[in-house]
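With the sequences and hints as input, model every part of the structure.
Protein chains: 2
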Amino acid sequence: MRQIKIGIIGFGTVGSGIYEVLTTNRELISSRVGTDVDVKRIADLDTHSDRGISVDRELFTVNAMDVIDDPEIDIVVELIGGLDKAREYILKAMERGKDVVTANKALLAEHGNEIYQAAEHYGVSLAFEASVGGGIPIIGALRCGLSANHIQTIMGILNGTSNYILTMMTKKGLSYSQAVQEAVNLGIAESPPTLDVDGTDAAHKLTILTSIVFGYPVSFRDIYKTGIDELTPDDIRFADEFGYSIKLLAIARNLGDHLDARVHPTMIPKDHILANVNGAYNAIYLEGDFLGPNLYYGLGAGKKPTGSAVVSDIMDLARKVRLGQKGPIPALAYVSSPEREIEIQPIEELTCGYYLRVSALDSPGVLSKIAGILGENDISIYSVIQEGRDIKGSVPVVMLTHEARERNVKKAISLMDKLDIILDKTVMIRVENN
Amino acid sequence: MRQIKIGIIGFGTVGSGIYEVLTTNRELISSRVGTDVDVKRIADLDTHSDRGISVDRELFTVNAMDVIDDPEIDIVVELIGGLDKAREYILKAMERGKDVVTANKALLAEHGNEIYQAAEHYGVSLAFEASVGGGIPIIGALRCGLSANHIQTIMGILNGTSNYILTMMTKKGLSYSQAVQEAVNLGIAESPPTLDVDGTDAAHKLTILTSIVFGYPVSFRDIYKTGIDELTPDDIRFADEFGYSIKLLAIARNLGDHLDARVHPTMIPKDHILANVNGAYNAIYLEGDFLGPNLYYGLGAGKKPTGSAVVSDIMDLARKVRLGQKGPIPALAYVSSPEREIEIQPIEELTCGYYLRVSALDSPGVLSKIAGILGENDISIYSVIQEGRDIKGSVPVVMLTHEARERNVKKAISLMDKLDIILDKTVMIRVENN
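Respectively, the protein sequence lines represent chains A and B. Sequential numbering from -17 applies to the first sequence in our numbering. Sequential numbering from -17 applies to the second sequence in our numbering.
Worth flagging that the hints you see were computed from the coordinates, not collected in a lab. This one's a predicted model, so the numbers in the text were calculated from it and none came from an experiment. Warning: the hint list may mix true and false statements.
Any copy will do: because identical chains look the same in the list, a pair fits if it lies in one copy or spans two.
Stated by the list, open to error - Heads up, simulated EDC-like pairs for lysine to aspartate or glutamate below, C-alpha to C-alpha not over 20 Å straight-line: (1) K285 <-> D32; (2) K285 <-> E269; (3) K285 <-> D271; (4) K74 <-> D52.
Next up, the structure:
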């Protein structure tokens, strides 16, 4: 039986993790694939740094085309990250009939449509288990195990760094910047961790998940996102008093002919299983029309979990190469990926519950004025905390609303914030009760 | 493109659930498989009962061989349950070159080795996603997404009925028999729910999971099991005081050349993610050498979740039939299923923490006598509660031990229980701290 030959483009943290999995578990992998899986070539501009593992120097090249053009290489693993070069290398590898594995969520979110169609066009497989949820095999579950279902809801904690920061703010009462500092010190966050905390990374991953689930490419640019950098320990404490935890959730709901898809700090009931996902862990909660609620939980990043996911993709493809199988599961689980994109509902159309923290003067008529403005905008109050606690010279009036329309909530907030009795910008957090 | 034809043997709850998924989601399924999937024949002794769905009467036959011998049928779905007939039908269908889907965990636990090898021998696929965890795609995850890992630990809540009963005992303080009655009234438990509560069902499922993970058939008969029927609200309350929840766990640990595999009520720390899996839900917690901790959560039984899992298997096989692919992933994920079984460690060799509730006379020397016997048997006490609360005329001395050997614990208990000051059988519950 011939060996399956792998070429790796990009040999940073994840690349060396993959090499470690392939060598440490070589026997296991070979007995599961049915033949040996061997790294034939590694392309990286840096061919000399010590990565803490022993690699034959002869494998290295600085030229990615040495990997792509090698006729003996069956599977190309793209790990350079970024958009332009990665896109170019993947398309060239596919053109040469090679199966491709990537962990590049930004690329799939931004140029997925082109890449999914190229795979179909050239009749090759594209595998990207590691692009969402690190070691959690969520892509495989969506493409296979849950394939009989219409997925109606996805709610995911898809960014471990921001979940770690929120967990520290919640459990230790740290401020946002203290928690970021702690995460940076522990190597959990980069400095500054912009794409992690502003929701971009989670929105990339949500784009990929929703594209698979709905069989249509989803435009990353249309996904609403806000991050966690404006959250305060006060809001986390008030949320707790109302019986909620705050998580950075990536949410998608199937609305039939269009889609609700967004990333923002979200209040969820403390007894929801997602509320108990803490630290750097990721979790994806799904509801299907037949399977009901499902949850997948694990480490969402890191050399080893990501390496585990990439190697499982390699093994899957290697098995097919060994058996000479053609016709893989299409990238989006559907046999043909439609060219048109599914439309995403503008955030102004959203209806959900809202948490509002209004910073007001401590005067008797305040609540009535606020309630008046809310009422005029079809927003009814579900619960209020008005404890007279002084925050930065003002008194917080903290409310949960019944379901309301986002457009109306934003209008009410802009009207309130113009009142003389309101001393600071009103804080708004969306609430998911289901 | 030709239709893929399915034959169903056994048309009870799960069978009609599958028919419902296949008809309700027909369009989705066809667009994911690439062709139509059609039920051609249904064998059941009862061809007349109303199953709440509309099925063409002409599909029915009372003779399973009408399904197996039909040359047009590509995939046979076995759902009659039980051992002898199910085994016979599956082997005959494989002999005729048909792929087989089954949800029959008892059959795979008892005769898996023969069936896995028959599939290999006849070059057909055997799919059994629904046999463990209902709608949770755990088999697929183990066979594919986690395939690069050595799985070191499995801890599963694999029986929804017993988890529901334990949840009611914990949350509402019900006695075991009250909780069973409530589960029976709600249709969650059969009356009596013997195989659910005595650990047999969970042990069947653990046999299947460990066989995949370790690539060796595991003998169901060698898996130690005890059930939940002797648990009392007192023990649940004491566990809570020590910071633990009690769950019926199916546990497997890779010990290198042999295996620790067992099913019993287990105390786990309240902040462990498994401790928060309540009601009729199932969850499987895994640790792999690269992926780290992972959890899968969902409904473990019921017509719809089980139907979802069976249909995902059907779709997977139908895709292969459509593409004319040969050479499926082997049943046990390894390319060749070894004939020898992996050895399971006798329960007497287990080392873990233990909870002991000793029913003693309320006299001053009691704790010293108990501690003496434990010490002589290499068991050291980690924590004691001795509150003087009177249970059935005796005073409970409740202890957690440090890690100890099961053989020694059982010997110590038998010595203690012979003392005059001990009024009732000592209760022992195993503790997992990791």
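Against the structure, the hints come out as follows:
1. Only within a single protomer do K285 and D32 lie at most 20 Å apart by alpha-carbon distance; the minimum there is 15 Å, versus 55 Å between protomers.
2. In the homo-oligomer, the alpha carbons of K285 and E269 lie at most 20 Å apart only across protomers (16 Å), although the nearest pairing inside one protomer, at 30 Å, exceeds that limit.
3. In this assembly of identical chains, K285 and D271 lie within 20 Å of each other by CA distance solely across copies; the values are 12 Å between and 35 Å within a copy.
4. For the identical chains of this complex, K74 and D52 are intra-copy neighbours only, at 12 Å inside a copy versus 47 Å across copies, given an alpha-carbon limit of 20 Å.
Checked against the numbered hints given earlier, the structure satisfies every one of them.
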